[in-house]
Each structure stands twice: as structure tokens, then as C-alpha cells.
Amino acid sequence: MAFSQKRIQKEILTMTTSPPPGTRLVTETMQTTKEFLVEVHGAQGTLFAGEQFKLLFKFGDRYPFESPQVMFVGDHIPEHPHVYSNGHICLSILTDDWSPALSVESVCLSILSMLSSCTEKKRPPDNAFYIRTCSSNPKDTRWWYHDDKV
Amino acid sequence: MTDEPGTSNSSQPSSTQFECNICLDTAKDAVISYCGHLFCWPCLHQWLETRPNRQECPVCKAGIGKDKVVPLYGRGSSNNVDPREKLPPRPQAQRPAAENRNMGWNGLNLGDGFQMSFGIGAFPFGFFGSMFNVNDGRPRTPPPDTPQYQDEQVISKVFLFVAIFMMFWLFVS
Ligand SMILES: [Zn+2]
Ligand SMILES: [Zn+2]
Numbered sequence: 001m002a003f004s005q006k007r008i009q010k011e012i013l014t015m016t017t018s019p020p021p022g023t024r025l026v027t028e029t030m031q032t033t034k035e036f037l038v039e040v041h042g043a044q045g046t047l048f049a050g051e052q053f054k055l056l057f058k059f060g061d062r063y064p065f066e067s068p069q070v071m072f073v074g075d076h077i078p079e080h081p082h083v084y085s086n087g088h089i090c091l092s093i094l095t096d097d098w099s100p101a102l103s104v105e106s107v108c109l110s111i112l113s114m115l116s117s118c119t120e121k122k123r124p125p126d127n128a129f130y131i132r133t134c135s136s137n138p139k140d141t142r143w144w145y146h147d148d149k150v
Numbered sequence: 001m002t003d004e005p006g007t008s009n010s011s012q013p014s015s016t017q018f019e020c021n022i023c024l025d026t027a028k029d030a031v032i033s034y035c036g037h038l039f040c041w042p043c044l045h046q047w048l049e050t051r052p053n054r055q056e057c058p059v060c061k062a063g064i065g066k067d068k069v070v071p072l073y074g075r076g077s078s079n080n081v082d083p084r085e086k087l088p089p090r091p092q093a094q095r096p097a098a099e100n101r102n103m104g105w106n107g108l109n110l111g112d113g114f115q116m117s118f119g120i121g122a123f124p125f126g127f128f129g130s131m132f133n134v135n136d137g138r139p140r141t142p143p144p145d146t147p148q149y150q151d152e153q154v155i156s157k158v159f160l161f162v163a164i165f166m167m168f169w170l171f172v173s
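From first to last, the protein sequence lines are chains A and B. For the first sequence, full-length UniProt numbering assigns the number 1 to the initial residue and increments by one for each residue that follows. For the second sequence, full-length UniProt numbering assigns the number 1 to the initial residue and increments by one for each residue that follows.
No lab work stands behind these hints, which were simulated from the structure alone. Please note: incorrect hints may appear among the correct ones.
[What the hints assert, rightly or not] Here are some, though not all, of the chain A residues that point toward chain B, as calculated from beta-carbon distances under 7 angstroms:
1. R7
2. K10
3. F65
4. S99
5. P100
6. A101
[Stated by the list, open to error] DSS-like, lysine-lysine: derived pairs with alpha carbons at most 25 angstroms apart:
7. K28(B) with K6(A)
8. K6(A) with K34(A)
9. K61(B) with K10(A)
10. K10(A) with K28(B)
11. K58(A) with K10(A)
12. K86(B) with K66(B)
13. K54(A) with K34(A)
14. K54(A) with K10(A)
15. K6(A) with K86(B)
16. K86(B) with K68(B)
17. K61(B) with K28(B)
18. K122(A) with K54(A)
In this text, a Cβ means the ideal position worked out from N, Cα and C, and glycines have one as well.
Build out the structure end to end from the sequences listed, making use of the hints.
Spelled out as C-alpha cells, the structure:
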């Protein structure tokens with residue numbers, strides 16, 4: 001089995017048996033281990049409490065040496081200053097600051113904490129321009145990170 | 001206590017502390033960084049090759065490198081051969097096209113209107129283009145006026161443009 005597949009299977013096991021609080025691996029519609037959905041629930045006491053989102057993870061053959069492609073999908077995209085209305089997320093660990101010690105679990109936790117720390121529901125200032133010009137793969141974007149603490 | 005047979009030997013919680021931080025398996029040809037993080041040498045080696053100019057520990061981002069890790073020799077490890085001396089049995093082909101998004105190379109995106117107009121404005125393309133073709137030792141040059149010939153002209157101009165841009169980039173940076 002390919003290196004990437006072996007690791008993804010371990011992560012799927014972790015996400016099934018002990019997922020981080022507020023997340024759930026969507027196994028019902030899972031077709032391949034190269035991509036899957038994770039449900040994310042906004043934490044209680046935050047602006048996104050009670051809301052539910054879907055994150056799409058896609059893995060290339062060079063995972064984990066290369067980051068997975070991660071974006072929000074579906075008709076409910078969180079209204080957050082680092083989340084574009086097409087689901088793309090401006091989060092440095094998904095590109096420049098990726099490390100092979102990160103995982104589906106740690107990416108989910110980062111995104112949850114990004115949502116939880118949100119103080120105002122709004123789109124990034126360049127949303128309208130970005131969603132018209134970007135590639136469908138958020139990893140093709142050269143992100144200019146708005147700030148370091150998300 | 002009612003564990004099904006066959007499940008008890010895999011993934012006991014106590015063994016996870018000896019898992020490689022990259023493949024999440026029990027570390028093989030193990031090395032430990034000065035910052036205390038455990039990896040298989042082949043896994044770490046591949047990561048160091050993936051980002052040669054940013055040698056950081058995948059876990060804590062401390063400096064790391066071939067000379068900044070200590071091999072671990074457990075009982076029954078392979079004859080105390082330093083894992084770093086073995087040719088790393090890499091899990092995948094070596095040096096694939098890197099996805100370097102954050103380096104100057106991104107500037108070579110030929111679809112980018114700014115760099116194109118800059119190139120055409122600043123350099124006498126025809127002259128350099130013909131020089132390029134003379135020095136180019138390609139065995140069979142298709143006859144002029146065929147589409148293939150014109151294609152190759154275009155391709156060599158593109159390569160030339162890339163070369164010029166790199167030279168310029170080296171000068172200004
Ligand atoms: Zn490993
Ligand atoms: Zn470390």
C-alpha cells in the first residue's frame with residue numbers, strides 16, 4: 001500500500017474512533033480514502049454555536065509531505081473573515097506552514113479554533129474579487145495571510 | 001477484557017509514544033531530534049528533501065537536519081548501523097516536481113499578464129530568439145513554414161523568456 005494511503009487509513013481510524021470534539025467523519029458517503037467529508041459543529045458559546053458545516057479533505061499521493069486540500073463545501077459556508085464564500089480558507093497551515101506532523105485531526109482543531117475565536121461574522125474584504133479569479137483548488141492560491149493568530 | 005482476538009497486539013495506547021511523527025507507525029530506523037521528537041529516518045529525510053531551504057522539525061519547528069538528529073538503537077535494531085548512513089529507502093520516487101508556492105519561482109507563471117508585457121517591452125526578442133536556435137543542438141529541426149517549426153519557435157521563445165526573466169530576477173534580488 002502506498003505510503004500516503006497507509007497514513008490516511010490510520011487517520012480515518014482515529015477520526016472514527018476518537019474524533020476531536022465537534023467533528024464527525026462522514027463515512028456514509030465515503031467513496032475513496034483520497035477524499036472525504038468532515039462535519040464541523042460550531043462550539044457552544046461562540047458566534048457559530050448551533051451551526052453545522054462540511055469540510056472537504058482531498059489528499060494527493062505525496063501526502064503527508066504535501067498538505068491536503070481543505071475547504072468548506074455545501075450550501076452553508078461559515079461567514080468568517082478568513083473564509084471565502086466559495087469555501088476556500090485562508091489558513092497558513094494548509095499551505096506554507098504545513099508540516100507532515102499535522103493531521104486531519106489537527107487541521108479540524110485549527111479550523112474549529114479559528115471559528116471559535118471569531119468576533120464578527122463577515123467575509124474577507126476581497127471576497128468578491130477572489131471568488132471570481134481564484135482556481136478551484138485553494139492550494140493554487142498564493143495566500144497573503146491576514147494575520148498569524150487564527 | 002473481552003477483546004476480540006487479534007486486536008490486542010495492534011495500536012495499544014502505550015506504544016503510540018514510539019510512533020514516528022510522520023508516518024504514525026512505530027518508528028523504523030529511528031532518529032530523535034535535539035528537540036526530542038521521534039521519526040523514522042526515511043520519513044524525516046523525505047521531509048527535509050521536500051523543503052531543503054526550510055529545515056524545521058515537523059512537530060515544533062526547531063532547527064533540524066541530518067547533523068541535528070541522534071540515531072536510536074533499541075535491542076534488536078539492525079546491527080547498530082547508523083540509519084543516516086543507509087540509503088534512505090524512500091517511500092516514493094525522489095525529487096518530484098515540488099509544489100513550491102511561496103518562492104520566487106511563482107513569478108515565472110507565464111499566464112501572468114504583468115510579466116509578459118514586461119518581457120516583451122524590455123528585450124529584443126527576435127534577435128535573442130534566433131541566437132537561441134543556433135546554439136540549440138536539437139537533432140532534427142523541422143523545415144520552416146510547417147506548424148511544428150512554428151511551434152518550436154514559440155517554445156524556444158518561451159524558454160528564452162524564462163531564462164531572461166531569471167537573469168533579471170537574479171540581478172534585482
Ligand atoms: Zn515514519
Ligand atoms: Zn521538534
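So, going through the hints one by one against the coordinates:
no.	hint	verdict
1	R7	holds (6 angstroms)
2	K10	holds (5 angstroms)
3	F65	holds (5 angstroms)
4	S99	holds (4 angstroms)
5	P100	holds (4 angstroms)
6	A101	holds (4 angstroms)
7	K28(B) with K6(A)	holds (15 angstroms)
8	K6(A) with K34(A)	holds (11 angstroms)
9	K61(B) with K10(A)	holds (24 angstroms)
10	K10(A) with K28(B)	holds (17 angstroms)
11	K58(A) with K10(A)	holds (16 angstroms)
12	K86(B) with K66(B)	holds (12 angstroms)
13	K54(A) with K34(A)	holds (16 angstroms)
14	K54(A) with K10(A)	holds (21 angstroms)
15	K6(A) with K86(B)	holds (23 angstroms)
16	K86(B) with K68(B)	holds (17 angstroms)
17	K61(B) with K28(B)	holds (22 angstroms)
18	K122(A) with K54(A)	holds (19 angstroms)
Figure legend: structure checked against the earlier numbered hints; every hint is met.
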